[in-house]
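Participant: The residues making up each chain are set out below.
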Amino acid sequence: MTMAVTSPRFRENARRALADAPLQQALAKMKAGFVDKRLRAVERLPEFDALRDLSRDIKDHVLVNLDHYLERFEARVVECGGEVHWCADAAEARDVILALCRSVDARSVTKSKSMIAEEIGINDHLEAHGIEPVETDLGEYIIQLAKEPPSHIIAPAVHKTRDQIADLFHASHAAYGITERRDDPRALLDDARQVLRRKYLAADVGLTGANFLIAETGSSVTVTNEGNAELTQILPKMHIVLASLEKVVPTLEDAMTILRVLARSATGQEFSSYTTFATGPRRADDADGPEAFHVVLLDNGRSGMLGTEFQDMLRCIRCGACLNHCPIYASVGGHAYGWVYPGPMGAVLTPKLIGIDLAGHLPNASTFCGMCESVCPMHIPLPKMMRHWREREFAQKLSPPRHRAGIALWAWFAERPALYRFAARLGVGVLGLIAGRRGRLKSLPGAGGWTVGRDFPAPEGRTFLDLWARRDGGGR
Amino acid sequence: MSGDARARILATIRDSLGADAPGRDESAVEARLAAHEPNLIPARARIDPGAQVDLFVEMAEEVSTTVARVAGADEVPGAVADYLATHNLPAVAKLAPDPGLDDIPWAERPTLTLSRGKAVDEDAVTITGAFAGIAETGTLMLLSGPDHPTTLNILPETHIVVLRREHIVGAYEEGWARLRAEGRGMPRTVGFVTGPSRSADIEQTILIGAHGPRRLHIVLIDGDGEETEA
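Those protein sequences? They're chains A and B, same order as listed. Residue numbering for the first sequence follows our numbering, beginning at 46 and increasing consecutively. Residue numbering for the second sequence follows our numbering, beginning at 15 and increasing consecutively.
Bound conformation, chain A alone (with noise of 0.2 Å):
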């Protein structure tokens, strides 16, 4: 039911993703789209770097406490009359949702992009059952309509482009009684807000998901830009909450810390459009708003990753910073990666939900230039985490035959220290003589996926253990 996992294809599916055209032309904006503007305004925040040292130690204090900051956000959510539902995998989520859908005779749900959503598959299980769900992000909604997966966790159509959309929104659009072809942006936004207008007023079920749950209040809270999460939590007589258990912090003034740096991390404002703290149903003198408020509490394994070393990884806000910042991402895209979380994120995430012996790729796919750790507003250790993930690929025996015979012939060599450094001079000195004056390699044997892209840049006389004894003397 959920999503068709293609991550032990990624090669091919790298391939594939840079003979594609019209990819590569989505993917090269977004420097100026995302990475240009965040430098831009993390350098009008003097206390941006604060900023991010507290936000990692909040999180890093509810990590070590999560049951008890939970079992307080539960008790707000009841005493505000909401209700908190518990739920250990996918499976139990998809039930509990449907379950609450069925119980207002509901026939759609408007939803608010939620990456938890995509990880448990809502909306297949729903359409399976009869009822219809409604993307209302312009992204999820654009790709729902093609019926792909998102490519990216902030923006899931940036791999579209406006005539693909214009494509898209053409076909589909004539059942509302919009025939005209139109790829101006502005016409193509027009057109699905007229639609999706109609989607939102005839919802009884809105589902959104959470940024952050705030124990204090018993509060959920989203931030969008288009004021989607606003008008599917409003409008109908239900809002259900989607969210996973490590995005509960203490207090409203914690939100508030990590909130700035969200955006400047995500998009580069200097905040979103709409941050929007929902509590409980209604209150019985309100004129509008939903008449219950349901959270629906995902695990799906995070529990697990507490006390090892993937615990950090849970202090991830979902702004996507590693994702433009990676020059993997940037090269391939989040197709590649094969489920729902893409980049460096995805790599570290990945593994853990689905299983290492299917998304033993995703950690392999870096460069380890640690652009992602260095953006991060949360420090999340990325590369360190993706080395672990490889650490325990080769322990389980899951990386490729060739890997595993280059790694044991150079370990039987490293454990020999003198064979090992005539081994090294004499193939310096070779590949030295091999590339001659051009100082570089157009093929190597055994390394032909390495130069098949790029030529070999050749040693230049000294090992790295001469050079290492020089220093200081050879000290040490």
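Keep in mind that a hint or two might mislead.
[To be verified] Some chain B residues near chain A, calculated using beta-carbon distances under 7 Å:
# : residue
1 : D34
2 : G37
3 : V81
[To be verified] Facing chain A, from chain B, some residues (calculated, C-beta under 10 Å):
#  : residue
4  : D39
5  : I148
6  : P163
7  : A195
8  : P201
9  : Q218
10 : P227
11 : R229
[What the hints assert, rightly or not] Calculated cross-link-like contacts (lysine to aspartate or glutamate; reagent style EDC-like; alpha-carbon spacing at most 20 Å):
#  : chain 1 : residue 1 : chain 2 : residue 2
12 : A       : K244      : B       : E136
13 : A       : K74       : A       : D229
14 : A       : K192      : B       : E217
Everything labelled a hint here was simulated from the structure, so no lab data went into it. Model, not experiment: these values are computed from the prediction. Glycine included, C-beta positions come from ideal geometry on N, C-alpha and C.
With the hints as your guide, set chain B onto chain A.
Facilitator: Frame of chain A; chain B shown alone:
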């Protein structure tokens, strides 16, 4: 099923962490919740009230909010009517049933047709108050309640907000502090609104007017006989 899952999840959390995980302390949890300290307020927001008002306007305009500064409540109906006329919008609006807007002499502009209540799809223009303006990012803090149905903020194409100078604060946390001081508890919806609705989902081009208002206009009552700017 949920009760069972609850027990299992909590048990897994406790087992995974272990009883003596560093920093694990239930009394620290209680203390943090009770203290709800503002952690760090950027220097940008820690300025005198007059400068906060100017910063609020500057930051709001940066995100395509428009601001008209007027001297007193009696000038609000004229400012609203002028705004609607300038944008070729009909002089018909849904006004929040907010007693805080009752000192505004709406009747002095008989061409302005107002009704009060929550918004419906047909409402093209709404007028509400605001609990606070946050200078830091030009953000409005809007509380739901019988005086301020949330639909007024999000359904119309044009949302006009009447904001009083004395309700402008420096940082978000000051807004929360004021709400706590009033002792009325958490409203169902607290919205922080920073500019009109927008989307960058088509080729990363920012377009104003996605699902919420296309226009967000603030009439700022600069107050108490102080100098007003044009």
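Participant: Is the interface hint for V81/B satisfied, with its Cβ closer than 7 Å to some Cβ of chain A?
Facilitator: violated (16 Å)
Participant: Holds or violated: are the alpha carbons of K244/A and E136/B at most 20 Å from each other?
Facilitator: holds (15 Å)
Participant: Let me know if the C-beta of Q218/B comes in closer than 10 Å to any C-beta of chain A, holds or violated.
Facilitator: holds (4 Å)
Participant: Let me know if the C-beta of P227/B comes in closer than 10 Å to any C-beta of chain A, holds or violated.
Facilitator: holds (7 Å)
Participant: Answer holds if the nearest beta-carbon of chain A is closer than 7 Å to that of D34/B; otherwise answer violated.
Facilitator: violated (10 Å)
Participant: With chain A as the partner, please determine if R229/B meets the hint condition of a C-beta pair closer than 10 Å.
Facilitator: Hint on R229/B: violated, closest Cβ of chain A at ~13 Å, above 10 Å.
Participant: Can D39/B be said to touch chain A, with a Cβ gap under 10 Å?
Facilitator: holds (7 Å)
Participant: Any CB of chain A closer than 10 Å to the CB of P163/B?
Facilitator: holds (4 Å)
Participant: Quick one, is the G37/B hint okay against chain A at 7 Å, beta carbons?
Facilitator: holds (4 Å)
Participant: Taking 10 Å as the limit, does the beta-carbon of P201/B come near enough to a beta-carbon in chain A?
Facilitator: Holds, because the Cβ-Cβ distance from P201/B to chain A comes to roughly 7 Å (cut-off 10 Å).
Participant: Are the Cα positions of K192/A and E217/B separated by 20 Å at most?
Facilitator: Roughly 19 Å separates the two Cα atoms, so the pair holds.
Participant: Tell me if I148/B is really an interface residue toward chain A, meaning its C-beta lies closer than 10 Å to one of theirs.
Facilitator: OK, holds: I148/B within 10 Å of chain A, min 9 Å.
Hint violations for this structure: numbers 1, 3, 7, 11, all remaining hints satisfied.
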